[in-house]
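Enquirer: Below, each chain spelled out in residue letters.
Protein chains: 2
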Amino acid sequence: MKIIKSVADLRHERMKQTHKTIGFVPTMGYLHEGHISLLEKAKMECDWVVLSIFVNPLQFGPNEDFTLYPRDEARDLAIAKKIGIDLVFVPGVEEMYPEESLTRVNVRQVTERLCGAKRPGHFDGVATVVTKLFHMVQPDRAYFGMKDVQQVAVITQMVKDLHFPTTIVPCPTIREADGLAKSSRNVYLNQVERVQATILHQSLTEVEQRVQTGALQTASEMVTYVTEKIKSQPLAHIDYVEALTYPRFETFDQWEQEDILLAVAVFFGRTRLIDNHLIRFKGGETYV
Amino acid sequence: MKIIKSVADLRHERMKQTHKTIGFVPTMGYLHEGHISLLEKAKMECDWVVLSIFVNPLQFGPNEDFTLYPRDEARDLAIAKKIGIDLVFVPGVEEMYPEESLTRVNVRQVTERLCGAKRPGHFDGVATVVTKLFHMVQPDRAYFGMKDVQQVAVITQMVKDLHFPTTIVPCPTIREADGLAKSSRNVYLNQVERVQATILHQSLTEVEQRVQTGALQTASEMVTYVTEKIKSQPLAHIDYVEALTYPRFETFDQWEQEDILLAVAVFFGRTRLIDNHLIRFKGGETYV
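One line per chain: the protein sequences are P and D, in this order.
Under this note's numbering, the first residue of the first sequence carries the number 1052, and numbering increases by one thereafter.
Under this note's numbering, the first residue of the second sequence carries the number 1052, and numbering increases by one thereafter.
Do not rely on the hints blindly, as some may be mistaken.
If several chains are the same, the list does not tell them apart, and a pair holds so long as it fits within one copy or across any two.
Here are the simulated SDA-like cross-link-like pairs (lysine to any residue), alpha carbons at most 20 Å apart as the crow flies [stated by the list, open to error]:
#: 1; residue 1: 1067; residue 2: 1135
#: 2; residue 1: 1056; residue 2: 1105
#: 3; residue 1: 1132; residue 2: 1151
#: 4; residue 1: 1067; residue 2: 1217
#: 5; residue 1: 1067; residue 2: 1216
#: 6; residue 1: 1333; residue 2: 1269
#: 7; residue 1: 1211; residue 2: 1176
#: 8; residue 1: 1211; residue 2: 1145
#: 9; residue 1: 1211; residue 2: 1148
#: 10; residue 1: 1133; residue 2: 1098
These are computed hints drawn from the structure, not numbers from a lab.
With the rest of the complex left out, here is chain P (with noise of 0.2 Å):
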């Protein structure tokens, strides 16, 4: 496994790779069941795999947790050579923004709710990292994980918009034995915040159950059963809990013939969780 740092050296390696598929998984370390899924994928659908970890800083508010998202590079390095990845990239910020970079990538109306609307600037440093890694990588197909749906969404809208020759591939969120979303955050969690925690996937849960039944119907008491519940927690405080239609991140008031994502962000302490869940139509696979 090549562990490299400079995007001369990767570029220089992804040269010698004509003839194969491409698989990339781009992380901020810390990995976990989750990443672990991507890279299992990757492996098995392509013949060379990348795994970059980088902590990009311009996703990042000015108040939000950059020097304390949780690192363990060594950690992070083994479980790669165990899975087979080829090639881990490693850069550091120097290497990544050189200089003062004055390019930016926005994506519109999908980036507006949600994330977006409480963390200004975040999807615009996300689309134009990872714009850059796919330069740098230029993969065949690219793996992100369902547990973060807006993600998903911005980077997808993205490669079609500016006909990136990259294929993005959504894989379903992870999960603990009691339902909480595997999350490198998660470490933050002091024991009684780890148990109160999993209201977020129980409450997601009990509303798709609520509205198949016909119980709820509208976007808003959807939104009122997941924020009752949540507030049942005295340590969970909501930054928002939102229903959409999907995949068009739109409002609606009754739930008619559409899919719908109902997606949470709560604070316990600083660490701040996110959650959401798919409610198809026409039922089926709930991650794609």
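Fit chain D to the given chain P structure using the hints.
Expert: Frame of chain P; chain D shown alone:
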């Protein structure tokens, strides 16, 4: 010579060229000697050369000349064939913008003056369409004329910031015998306008002589000199005359040991012409 109209066919042709150096000349067609010089340089330096012809609506403002922009595809194709271009990409608007495009590429600072200030959204349109074309053609080298000096600066900055795997090759402005910069829009000048339009290049080169002798020293003096000269032509209506540092496009007071850019945009009737002149502190080639 292959003539291709769809992105899918272009990708198919591009896929076969894995071991060749790909040269790319993106244009809006109505080819003149400026374009021809780019194509010939690409032909000399690359194994496989792609010309694109696309009048990009995204870079025209609502009151600009998108519909009037001159077009002659048959003549363009004959020129390309004579030069020995390998592939001409002539997509329709619906091929380049199949649905509402929500993504824009924005470059700050270098877009804030000159044409960027006068044509809001113009360079977002340029940066976005060039990104799309680069993702389709995936060129090793792309050729741009220095008549559009701000476009060269914007694309160069974008390619650096976003780490495109493409080298930008700036090429000198090609001129008529009397100094008028070649432009597709020159065809709209009547005989009197055509004669008066020579004042652009004439006044800009006169400034250089006067700067080198010390007769003109401040940006303000240079701008005034060019403005007065152009105003001496009764059919000329100035859009802007600016003197900036190069390549940062910043204002300056006194000329001090740095390269400077003199740039003008002038209307003759509805026809808007641009031209520029670089004054190199250390002399040398005037176009790189």
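Enquirer: Please list, smallest to largest, the hint numbers that this structure does not respect.
Expert: 3
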